[in-house]
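Hey, can you work out the whole structure from these sequences and the hints?
Number of protein chains: 2
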Amino acid sequence: MSNIKASIITIGDELLIGQTIDTNSAWIAQRLNELGIDVLRRVAVGDNRNDIIDALDAELASSSIVLITGGLGPTADDITKPLLNEYFGGTMRIHEPTKEHVRELFTKRNRPFLERNLKQAELPDNCIVLFNQMGTAPGMWFEKDNKVIISMPGVPFEMVSIMENEALDRIKERFITGSIIHRSVITAGEGESFIADKIQDLEEALPVYIKLAYLPGAGMVKLRLTAKGANKEKLITELDYWQNRFAERLSYIMVSLEDIPMEQIIGDWMKTHHATIGLAESCTGGNIAHHFTQVMGASTYFCGSIVCYQVPVKVNVLGVNEQTIDQYGSVSEQTATEMAKGALNVFHSNYSFAITGLLSLGGESDKKPVGTVWMAVANKDRVVTKEFHFHYDRLRNKEMATSMAMLMIWKFITNRI
Amino acid sequence: MSNIKASIITIGDELLIGQTIDTNSAWIAQRLNELGIDVLRRVAVGDNRNDIIDALDAELASSSIVLITGGLGPTADDITKPLLNEYFGGTMRIHEPTKEHVRELFTKRNRPFLERNLKQAELPDNCIVLFNQMGTAPGMWFEKDNKVIISMPGVPFEMVSIMENEALDRIKERFITGSIIHRSVITAGEGESFIADKIQDLEEALPVYIKLAYLPGAGMVKLRLTAKGANKEKLITELDYWQNRFAERLSYIMVSLEDIPMEQIIGDWMKTHHATIGLAESCTGGNIAHHFTQVMGASTYFCGSIVCYQVPVKVNVLGVNEQTIDQYGSVSEQTATEMAKGALNVFHSNYSFAITGLLSLGGESDKKPVGTVWMAVANKDRVVTKEFHFHYDRLRNKEMATSMAMLMIWKFITNRI
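Chains as they are written, first to last, in numbering that gives the first Met the number 0: chain A, 0 to 416; chain B, 0 to 416.
The set of hints was computed from the structure by calculation and includes no laboratory data. Check the hints yourself; a few may be wrong.
[As the list claims (entries may be wrong)] Keeping only pairs whose Cα atoms sit at most 25 angstroms apart, straight-line, the calculated SDA-like set for lysine to any residue is:
| no. | chain 1 | residue 1 | chain 2 | residue 2 |
| --- | --- | --- | --- | --- |
| 1 | B | Lys118 | A | Lys98 |
| 2 | A | Lys4 | A | Thr22 |
| 3 | A | Lys385 | B | Ile235 |
| 4 | B | Lys107 | A | His390 |
| 5 | B | Lys197 | A | Leu104 |
| 6 | A | Lys340 | A | Asn315 |
| 7 | A | Lys221 | B | Arg48 |
| 8 | B | Lys379 | B | Thr275 |
| 9 | B | Lys410 | B | Phe105 |
| 10 | B | Lys107 | A | Lys340 |
| 11 | A | Lys118 | B | Lys107 |
| 12 | A | Lys197 | B | Gly190 |
| 13 | A | Lys231 | A | Asp267 |
| 14 | B | Lys98 | A | Lys340 |
| 15 | A | Lys98 | B | Gly190 |
| 16 | A | Lys197 | B | Leu113 |
| 17 | A | Lys210 | B | Lys410 |
Below, the structure written as structure tokens:
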């Protein structure tokens, strides 16, 4: 069975000069994928008439659905709407419901309704207007030669709103598709090559309609199994079988069968065990707490974090002994241990985690080499410490340290360390 | 003057199913842009032989430089290298320096050197090998019909390392280019349409070789002026003139003439004024601290943050009065004010900022509507509070609140509130 093919075109000079990172394409691709639609290509072009037309021509030649984001704002550098109107042979007319919606939005926000805002309500008369409840520029659904072209604004939450409320159901109705099923096996602590060697025979035994992909991340490798076919029930049964076989083989490094972030895996564990956790963060500067609080409902188990970026905060708030810092340095096993114990006291939590390190030059004056990080994880009975060395730049080291922190917490609570 | 054209091809099924957000393209586009090279298109294709060849054919037809990322890992789902070898008519041979480098890396990391790792050192004999000091897969530089094709691994920091140490200088040498200069005017507090109306006459008066673009973000609009031409000095003079004219016109909402993040603008101010700041974060869960500590050298002015996600932390660590919380709720002007004052005490800082809110359902039990946030910014002489309402989902509300927090701090320290 061959899947319906789609292409994504993103329009905007800001994408080509690298001012904006394209998150829309990944989101759209995920949603289409869930419907069993394959994204064939993603193309980014500038705010340039000929380049947009070339991209449309090329993608319409190979895909049944072309999704376009960007180029619909109210300012002069947006040229997409008149171009699409012309491309599909329509006439621009004021769309009354859109006009009312735009006027209402401006009233609600106490802004004057300007002449140029009226332009947002001018739409080709040969498209289905996709209502944008999050903003002023609606989406547009064109059909041509049995193919569908959907144009949406580039602002991510506006695009998401139009897709979820207007476009996805229409796509489902319009294109009958088979099923595509994904299963994951999330591992931590071993590299891609090592895992590939461990599972080579299983990988070779996979039926042709099940594909295996390696998705390496910081300290982790995600294995993704994908099956395509018409019989959804059969696919699920088979894929579950293979997922289990891979999971068994990799049990000693297996973290989860679900592709969810580590902070959520820890959060679920905390909820199940009615446990709480508090942090003491120096070098990660609040990033671990930020990750914990991305999970809805984290306040039931996540107490908080003492971000002790300067030394006195470690002493005054966490109760780290000044002598410890003088003797061993603020980046040391001893300081990390006292920070973790301090966090248990401050938060009255079941678990605590502490981190102190030197992620780049120009930070705290310490004699440790750049990249040195000490972590400690504790409960009332025990403390486990570990030293890390990160070799990249400041921002990457911070993300790496955050990932490693999550892993260390997970290993501690599941008694693997 | 017409600029050199480049295309970026990203390879990998993970991009088409949306598992990975492509940050490489934006980074590469920025670097090429700085050299005066225009990125014409960015294309993402899957790990599929024909799609890769089609993309190569299409991009080589219109661009002088084609940069490829992805598809070079050691596992079976990577097909790019043999394909490029064939495409450019080479022969695969073991490249001794790469083999030694890979072996060394494995020794350093205490991992066994496996047969499949040797594959990383097998390279087409008709390319210039671009050394990868961050990983095992080197980059490759091919030339064909006076065009250059550069293939690099998809792991972002490996790609960055190869570009910075190997590829960019070669690109500079190989292609003589004119200049492209950017200038920014960063504003806060007004929308895109409003600004467009304010500066319409200036925009219309711009010479043809200077382009203006609007880049809206959370609560901010960046204006970017871009000039292209052969005479760099002349361009700079002219662009500075126009930048000043736009900045003057928008002075009352102007934040910066440099396109740097708000946390760095605040940081620079703090350094200049020998001031310090500490935070008390509830709903942003450490994200504001995380942003502050992204800036190198932040420890000279950023003390830390009390991430008080649960109520007792507000009381025990920040000294918020329990009665205040009982009477007004934890999301209230009164609680925010006491949190800010508490942070001044805890950190002994010149400035403090506090935030408490309800970013999504399922959080703290409070009678306020979802999206309500109170912020307070203080020094020893005064406290300014402000109520916000955010209407999006949890993660977006958190980012919006963080942006608004930065703006509020900046306005307070520059005496605009």
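How the hints compare with the structure:
Of the supplied pair hints, the one linking Lys118 of chain B and Lys98 of chain A is violated, its CA atoms being roughly 61 angstroms apart against a limit of 25 angstroms. With a C-alpha separation of about 20 angstroms, the suggested pairing of Lys4 of chain A with Thr22 of chain A holds against the 25 angstroms cut-off. Using a Cα cut-off of 25 angstroms, the hinted pair Lys385 of chain A and Ile235 of chain B is violated, with the two alpha carbons roughly 52 angstroms apart. The hinted pair formed by Lys107 of chain B and His390 of chain A meets the criterion: a straight-line CA distance of about 13 angstroms does not exceed 25 angstroms.
As the CA atoms of Lys197 of chain B and Leu104 of chain A are separated by approximately 20 angstroms, the hinted pair is consistent with the 25 angstroms bound. Of the supplied pair hints, the one linking Lys340 of chain A and Asn315 of chain A holds, its CA atoms being roughly 14 angstroms apart against a limit of 25 angstroms. For a cut-off of 25 angstroms, the pair hint linking Lys221 of chain A to Arg48 of chain B stands: about 24 angstroms separates their Cα positions. Straight-line distance between C-alpha atoms of Lys379 of chain B and Thr275 of chain B comes to about 12 angstroms, which keeps the hinted pair within the 25 angstroms bound.
About 52 angstroms separates the Cα atoms of Lys410 of chain B and Phe105 of chain B, which puts this hinted pair outside 25 angstroms; it is violated. Proposed proximity of Lys107 of chain B and Lys340 of chain A is contradicted: the alpha carbons are some 34 angstroms apart, above 25 angstroms. Restraint check: the Cα-Cα separation between Lys118 of chain A and Lys107 of chain B comes to about 62 angstroms, which exceeds 25 angstroms; the hinted pair is violated. The suggested pairing of Lys197 of chain A with Gly190 of chain B is violated, with an alpha-carbon distance near 55 angstroms, which exceeds 25 angstroms.
Among the hinted pairs, Lys231 of chain A with Asp267 of chain A is inconsistent with the structure: their alpha-carbon atoms are about 29 angstroms apart, more than 25 angstroms. For the given pair, Lys98 of chain B sits about 47 angstroms from Lys340 of chain A by alpha-carbon distance, which is inconsistent with the 25 angstroms threshold. Only pairs whose Cα atoms come within 25 angstroms are accepted, and Lys98 of chain A paired with Gly190 of chain B is accepted, the gap being roughly 18 angstroms. Of the supplied pair hints, the one linking Lys197 of chain A and Leu113 of chain B holds, its CA atoms being roughly 11 angstroms apart against a limit of 25 angstroms.
Distance hint between Lys210 of chain A and Lys410 of chain B is unfulfilled; the C-alpha atoms sit about 54 angstroms from each other, more than 25 angstroms.
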